[in-house]
Amino acid sequence: MADPYKPRTPFAPWDRRQLPGLFDVEESARRIGNYKWAEMKLFETLGGWVATVPELDVKMRLGTHCYHHAWHAELWHKRLPELREMNPDRLTKPANDAMVRFIEALSEPEAAEQTIEKLVGVYRVFIPHFIAAYTFHRNNTSEITDAPTIRSLNFALHDELEDWRDGEMLLQSLIETPAEVDRAAAHQARLEKIMLEAGGIAGPGSIGVE
Amino acid sequence: MRKFFPVEELARDSRFTQINMRQAQADPRTALVGPNAARRAKTNRLTPSRPDASEAARALMHGIFVGEIQALEGAGRTCHDFETATGSNSAAGTETDSVPFALKLDMARQAWDESRHVEISVKLGEWMGAEIGQFAENTVLFEAACSTDPVMRLAGVNRALEGLAIDVFTTMKEFGEVAGDPFLGFCEDWMLADEVTHVKMGSDWLRKVTENDPERRARALEFQSIVDKLFSFGGTRSESSDSPIGLARRFRELAGFTSDEVDEIADVSLAALEDRKAFAAAAMSSSGMSSSGMAADE
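Protein sequences, first through last, are from chains W and B. The first sequence lines up with residues 1 to 210 when you count with my numbering. The second sequence lines up with residues 1001 to 1298 when you count with my numbering.
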């Protein structure tokens, strides 16, 4: 049996986590406040759309994904007080005015014939931007000091990637004509331009590039 | 997207046909008087020994399926239709146009649960030999989710409608067990667990949000009572053997109903059953048919 009193290195040879990170406490809290606001807007929109889509399979997916994003919002809501933000409402806000306009444009389609626009906004624009911002945050924050945020980011990223695949496959099954390809592309371009102005989910620098 | 979505615009594919409560009650196939009543056994409770058990079970399963769709839509709309309460109002959501963040999270969770219930109902329906759209969809359930006051939705949907779901699932579970069906009892028991949670959510939030507003609480409970009577499907659910669906007292108590509240629902349901019989008799009389199913002049 190995000698239990023999000194061992605190970090095992295979544990390569690093102490430095790009974000201090304030910056991490600011980003997380933006994430929470964006996740809230997304789950509210998905919930509202359930009654407006006639396609039964889409209806059920929206209901399921609505909860995923509500849970992400809850994760961020619980993380904020741990980052010295004792009033989570204060930081629960959009990154900028362009993000507010993005949400207005995203949630604008309501008619039963606009399922393609609804899904394009969420699965070809909004969720890819979540994946980008979360991945940048996870890969650049301190692996030791900010481990709780990384754990939540990993949970959220798992959902985002799964949900993106669901949504993209629904879209591919719904788009049947060249005209519908054009509709989807036009709506995607409209929303991407607003998101470009916003600079991403957490504003300019969401993925490191200002 | 608008706040508050009208029931008339609920989006459905071409298989669905929607009807209102009066049309459903006037359907002679489900009347408790007239020719069908004469053909039925002493008890109207859904049991495998009923001659029309297969068709009645398929109809009930389809009713569960469309009810789950509307419950999903209602929970989703509550996530969307109200602002998130902030500041001193954030915990209780005392304003009628806002709800606490945690209440919205519960509604999102309920939306996921109801999505699963739709999935389960589709598969069970197929297993039982039913097709989507084989029976009409009564939209009365979503109507209770259209109130502009979130507390009314909690009372009407979570306490009255989800309470009814407890009764329906208990009846269906018992039917599956007696019939020896390998899936029905298993699935209904899982859905029953979710519904008890939803009713408890409604009971807890109703108490919390109206803690300092007794008038609002009284209005909500009055609305619940109206919806309970409506959702008794004119006597389809009661403790009488004339009703296909029983009242699941034990599960209702687990979900936060007091004994007095369950007694009240039992009374309301019996009254609804009597109203239904009178309504059906009047409808047949006006069409020239006696309550025994014979033409009036025979």
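Treat the hints as calculated values from the structure; they're not laboratory data. Wrong hints could be hidden among the right ones.
Unchecked claim - Straight line, CA to CA, 30 Å or less: simulated BS3-like cross-link-like pairs of lysine-lysine:
#1 B:Lys1173 / B:Lys1277
#2 B:Lys1003 / W:Lys78
#3 W:Lys93 / W:Lys193
#4 B:Lys1003 / B:Lys1208
#5 B:Lys1208 / W:Lys93
#6 B:Lys1229 / B:Lys1208
#7 B:Lys1173 / B:Lys1123
#8 W:Lys78 / B:Lys1277
#9 W:Lys78 / B:Lys1200
#10 B:Lys1200 / B:Lys1003
#11 B:Lys1229 / B:Lys1003
#12 B:Lys1208 / B:Lys1123
#13 B:Lys1003 / W:Lys193
#14 B:Lys1003 / W:Lys93
#15 B:Lys1173 / B:Lys1200
#16 B:Lys1277 / B:Lys1229
#17 B:Lys1229 / B:Lys1200
#18 W:Lys93 / W:Lys78
Results of checking the hints against the structure:
With a CA separation close to 27 Å, the supplied pair Lys1173 of chain B and Lys1277 of chain B stays within the 30 Å bound. About 28 Å separates the Cα atoms of Lys1003 of chain B and Lys78 of chain W, which keeps this hinted pair within 30 Å; it holds. Restraint check for Lys93 of chain W and Lys193 of chain W: satisfied, since their Cα atoms lie roughly 21 Å apart, inside the 30 Å limit. Restraint check for Lys1003 of chain B and Lys1208 of chain B: satisfied, since their Cα atoms lie roughly 24 Å apart, inside the 30 Å limit.
This hinted pair checks out: Lys1208 of chain B and Lys93 of chain W have alpha carbons roughly 26 Å apart, not beyond 30 Å. Restraint check: the Cα-Cα separation between Lys1229 of chain B and Lys1208 of chain B comes to about 25 Å, which is no more than 30 Å; the hinted pair holds. Distance hint between Lys1173 of chain B and Lys1123 of chain B is fulfilled; the C-alpha atoms sit about 16 Å from each other, no more than 30 Å. At roughly 54 Å between alpha-carbon atoms, Lys78 of chain W and Lys1277 of chain B are farther apart than 30 Å, so this suggested pair is violated.
This hinted pair checks out: Lys78 of chain W and Lys1200 of chain B have alpha carbons roughly 24 Å apart, not beyond 30 Å. Under the criterion of a C-alpha separation no larger than 30 Å, the hint pairing Lys1200 of chain B with Lys1003 of chain B is consistent with the structure, at around 26 Å. Distance restraint check for Lys1229 of chain B and Lys1003 of chain B: the Cα-Cα separation of roughly 28 Å lies within the 30 Å cut-off, and the hinted pair is therefore satisfied. For the suggested pair Lys1208 of chain B and Lys1123 of chain B, the alpha carbons sit about 37 Å apart, so the restraint of at most 30 Å is broken.
Note on Lys1003 of chain B and Lys193 of chain W: the hinted pairing holds, with a Cα-Cα distance of about 26 Å set against a maximum of 30 Å. Restraint check for Lys1003 of chain B and Lys93 of chain W: satisfied, since their Cα atoms lie roughly 21 Å apart, inside the 30 Å limit. For the hint linking Lys1173 of chain B to Lys1200 of chain B, the alpha-carbon distance of about 21 Å falls within 30 Å, and the restraint holds. Using a Cα cut-off of 30 Å, the hinted pair Lys1277 of chain B and Lys1229 of chain B holds, with the two alpha carbons roughly 14 Å apart.
Of the pairs offered as hints, the one joining Lys1229 of chain B and Lys1200 of chain B holds, with about 20 Å between alpha carbons and a cut-off of 30 Å not exceeded. For the suggested pair Lys93 of chain W and Lys78 of chain W, the alpha carbons sit about 15 Å apart, so the restraint of at most 30 Å is met.
Violated hints, in rising order: 8, 12; the structure is consistent with all others.
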